[in-house]
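Please work from the sequences and hints to get the whole structure.
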Amino acid sequence: MPGLEDLYREIVLDHYRNPRNRGELPCPPARRAEGFNPLCGDEVVVYTDLADGMVRDVRFGGQGCSISQSTASMMSVAVKGRSLEEVEKLERSFKAMMSIVTDGGEVAPPADLGDLEALRGVVKFPVRIKCATLCWNTLTESLRS
Amino acid sequence: MSDLAAATKADFPLLSRDVYGKPIVYLDSAATSQKPQAVLDAMDGYYRTVNANVHRGAYHIADIATQAMEEARAKLQHFVGAASPREIIFCRNATEAVNLVAHSWGRTNLREGDAVLLTHMEHHANIVPWHMLAAELDIELRWLPLDNDGRLDLRNLDRLLDGVRLVAFSAMSNVLGTIPPIRRIADAAHERGAVVLLDGAQYVPHVPTDVTELGCDFLAFSGHKMCGPTGIGVLWGREELLEAMPPFMGGGEMILNVTTEGFLPNELPWKFEAGTPAIAEVVGLGAAVDYLSGIGMEAVRRHDTSLTAYALRTLTERHGERLTIHGPAEPAARGGVLSFEYGDVHAHDISQVLDEWAVCVRAGHHCAKPLMRCLGVVATARASVYIYNDTSDIDELSEALDRVGDLFGPQ
Chain S
805 MPGLEDLYRE
815 IVLDHYRNPR
825 NRGELPCPPA
835 RRAEGFNPLC
845 GDEVVVYTDL
855 ADGMVRDVRF
865 GGQGCSISQS
875 TASMMSVAVK
885 GRSLEEVEKL
895 ERSFKAMMSI
905 VTDGGEVAPP
915 ADLGDLEALR
925 GVVKFPVRIK
935 CATLCWNTLT
945 ESLRS
Chain E
658 MSDLAAATKA
668 DFPLLSRDVY
678 GKPIVYLDSA
688 ATSQKPQAVL
698 DAMDGYYRTV
708 NANVHRGAYH
718 IADIATQAME
728 EARAKLQHFV
738 GAASPREIIF
748 CRNATEAVNL
758 VAHSWGRTNL
768 REGDAVLLTH
778 MEHHANIVPW
788 HMLAAELDIE
798 LRWLPLDNDG
808 RLDLRNLDRL
818 LDGVRLVAFS
828 AMSNVLGTIP
838 PIRRIADAAH
848 ERGAVVLLDG
858 AQYVPHVPTD
868 VTELGCDFLA
878 FSGHKMCGPT
888 GIGVLWGREE
898 LLEAMPPFMG
908 GGEMILNVTT
918 EGFLPNELPW
928 KFEAGTPAIA
938 EVVGLGAAVD
948 YLSGIGMEAV
958 RRHDTSLTAY
968 ALRTLTERHG
978 ERLTIHGPAE
988 PAARGGVLSF
998 EYGDVHAHDI
1008 SQVLDEWAVC
1018 VRAGHHCAKP
1028 LMRCLGVVAT
1038 ARASVYIYND
1048 TSDIDELSEA
1058 LDRVGDLFGP
1068 Q
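Chains as they are written, first to last, in this note's numbering: chain S, 805 to 949; chain E, 658 to 1068.
Hint data in this document are derived by calculation from the structure and do not stem from the laboratory.
Think of the CB as a built atom: it goes at the ideal place given N, C-alpha and C, for glycine as much as any other residue.
Honestly, I wouldn't trust all of these hints.
[Stated by the list, open to error] Quick look at which bits of chain S chain E covers, simulated, 3 or more residues with Cβ under 8 Å:
#: 1; region: 808-815
#: 2; region: 840-849
#: 3; region: 855-869
#: 4; region: 874-888
[Unchecked claim] Part of the chain E face toward chain S, derived, beta carbon under 10 Å:
#: 5; residue: 850
#: 6; residue: 978
#: 7; residue: 1012
#: 8; residue: 1026
[To be verified] Straight-line alpha carbon distances no greater than 20 Å define the calculated SDA-like cross-link-like pairs of lysine to any residue that follow:
#: 9; chain 1: E; residue 1: 1026; chain 2: S; residue 2: 838
#: 10; chain 1: S; residue 1: 934; chain 2: E; residue 2: 1012
#: 11; chain 1: E; residue 1: 666; chain 2: E; residue 2: 689
#: 12; chain 1: S; residue 1: 899; chain 2: S; residue 2: 924
#: 13; chain 1: E; residue 1: 1026; chain 2: S; residue 2: 842
#: 14; chain 1: E; residue 1: 1026; chain 2: S; residue 2: 866
#: 15; chain 1: E; residue 1: 679; chain 2: S; residue 2: 809
#: 16; chain 1: S; residue 1: 934; chain 2: S; residue 2: 921
#: 17; chain 1: S; residue 1: 934; chain 2: E; residue 2: 1026
#: 18; chain 1: S; residue 1: 899; chain 2: S; residue 2: 941
#: 19; chain 1: S; residue 1: 928; chain 2: E; residue 2: 1015
#: 20; chain 1: S; residue 1: 934; chain 2: E; residue 2: 1024
#: 21; chain 1: S; residue 1: 899; chain 2: S; residue 2: 931
#: 22; chain 1: E; residue 1: 732; chain 2: E; residue 2: 871
#: 23; chain 1: E; residue 1: 1026; chain 2: S; residue 2: 947
#: 24; chain 1: S; residue 1: 928; chain 2: S; residue 2: 947
#: 25; chain 1: S; residue 1: 893; chain 2: S; residue 2: 947
#: 26; chain 1: S; residue 1: 928; chain 2: E; residue 2: 743
#: 27; chain 1: S; residue 1: 884; chain 2: S; residue 2: 915
#: 28; chain 1: E; residue 1: 666; chain 2: E; residue 2: 963
#: 29; chain 1: S; residue 1: 884; chain 2: S; residue 2: 904
#: 30; chain 1: S; residue 1: 899; chain 2: S; residue 2: 915
#: 31; chain 1: E; residue 1: 679; chain 2: S; residue 2: 808
#: 32; chain 1: E; residue 1: 679; chain 2: S; residue 2: 806
Listed below in structure tokens is the structure:
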């Protein structure tokens, strides 16, 4: 049986208690997207400021559980300053870690997920996978808007 | 209070199982109740010895199957004090029952500019069908607010009722446990000529129910929250209203005659029961009614109230200001549904930690997002009790909450 320590790693709880890049960005020039988890009512707002194909700045807001909020914090750190191509690679890599197959079953390219690696245990708690992917889906929406 | 649980717990096979090597502590009966052996046996026996389609065959077992279904209907009739079995419509659940009223009664009786009065404590099942109808018919939705104790604020009831054709509200909140003054609201609605629909999904399984005393015109409830199977529910309606309503879904069973030119609807209640019904589930629900009637609904209500009082008292004593329990402070004004917050820990995290201790509670918005907004939260954790719970379950919950504090408390 998976234990709580698989889910609530210290680094996860640290991002939950001390979220990075929490806040807003003026829109425009930044883009804003909202995501909802209809199961639990979690809401996340992602702001992205793009320039020259790069994520120049990112902020997130909203309310949710420790997994959704810490993932958003870790994701913001991971994507800030990255090219859109690198961001896409990170997202696919993260979703592969969550056992979500993207783009017709291709194996996700390996990427350095940094702190996000600490969320590997989420996959053992299937109900919580949606908590960890909510901010990624919202980020994608914001980048596409 | 524990006498009832001591007498009933052994009737529920699932409650003898372990979770992660610990005895299960099931505190989510507001989502669905567990099923007693008598219900499982009735359904199993039906399939093993009786299974045949109803109201069709002229052979022996088809006749027994039809009788079994109509006997169950009579049990439901008496359980809610209905005047006739013609008033008991079997549907999938309370949600489908509300949708039936919205589609059939609503489309026939509501016109542009009419108003429907709901409350801020409704389940989405009693909100979304009216939103859908409002978009179609251009009717107005109005909302009765709540006070700080989680009770309906009726101060402006008369003004809100002006122009209202239907008042649709929960007889017991699935989040707060609040039992509103049903008769008072129903009488006020009737004085204005409005029709009253009660969402009884939480009420009927827990409180002695008599539709005449409640003073409603429609009552919707689900079988699976009252020891019955999933997939079966009931719409009770006053016969003259049901008689005047057009059918909801079309198909077999609901007709007297069909030609290439049209059809003639069947009599009540079959007019509203298109297609082969959930026969085994109807039989199971009949067995659940027998089971609950054997205990006595007065005893069920006494047990719930007393266990709720114990939970309110002991949880508050042990956890103090860290624990916020929503809903009326007075146990008599509510059912055994306790929505709570623990510090600033999200409900999902609370239920995840409680799960480690085999304590099953619900976390989320409980299909009541407008109410969550009124409470100023996105989600709550919710513990809910039934006949098989006792004080030891509350004690286990209380102890597991300490673990939540250990993990998420101030560092």
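The hints, checked one at a time:
no.: 1; hint: 808-815; in the structure: holds (count 3)
no.: 2; hint: 840-849; in the structure: holds (count 5)
no.: 3; hint: 855-869; in the structure: holds (count 3)
no.: 4; hint: 874-888; in the structure: violated (count 0)
no.: 5; hint: 850; in the structure: violated, 37 Å
no.: 6; hint: 978; in the structure: violated, 20 Å
no.: 7; hint: 1012; in the structure: holds, 9 Å
no.: 8; hint: 1026; in the structure: holds, 6 Å
no.: 9; hint: 1026(E) <-> 838(S); in the structure: holds, 17 Å
no.: 10; hint: 934(S) <-> 1012(E); in the structure: holds, 18 Å
no.: 11; hint: 666(E) <-> 689(E); in the structure: holds, 16 Å
no.: 12; hint: 899(S) <-> 924(S); in the structure: holds, 10 Å
no.: 13; hint: 1026(E) <-> 842(S); in the structure: holds, 10 Å
no.: 14; hint: 1026(E) <-> 866(S); in the structure: holds, 15 Å
no.: 15; hint: 679(E) <-> 809(S); in the structure: holds, 18 Å
no.: 16; hint: 934(S) <-> 921(S); in the structure: holds, 16 Å
no.: 17; hint: 934(S) <-> 1026(E); in the structure: holds, 19 Å
no.: 18; hint: 899(S) <-> 941(S); in the structure: holds, 10 Å
no.: 19; hint: 928(S) <-> 1015(E); in the structure: holds, 17 Å
no.: 20; hint: 934(S) <-> 1024(E); in the structure: holds, 18 Å
no.: 21; hint: 899(S) <-> 931(S); in the structure: holds, 15 Å
no.: 22; hint: 732(E) <-> 871(E); in the structure: holds, 19 Å
no.: 23; hint: 1026(E) <-> 947(S); in the structure: violated, 28 Å
no.: 24; hint: 928(S) <-> 947(S); in the structure: violated, 29 Å
no.: 25; hint: 893(S) <-> 947(S); in the structure: holds, 14 Å
no.: 26; hint: 928(S) <-> 743(E); in the structure: violated, 50 Å
no.: 27; hint: 884(S) <-> 915(S); in the structure: holds, 15 Å
no.: 28; hint: 666(E) <-> 963(E); in the structure: holds, 17 Å
no.: 29; hint: 884(S) <-> 904(S); in the structure: violated, 23 Å
no.: 30; hint: 899(S) <-> 915(S); in the structure: holds, 11 Å
no.: 31; hint: 679(E) <-> 808(S); in the structure: holds, 16 Å
no.: 32; hint: 679(E) <-> 806(S); in the structure: holds, 15 Å
Violated hints for the displayed structure, listed by number in ascending order: 4, 5, 6, 23, 24, 26, 29.
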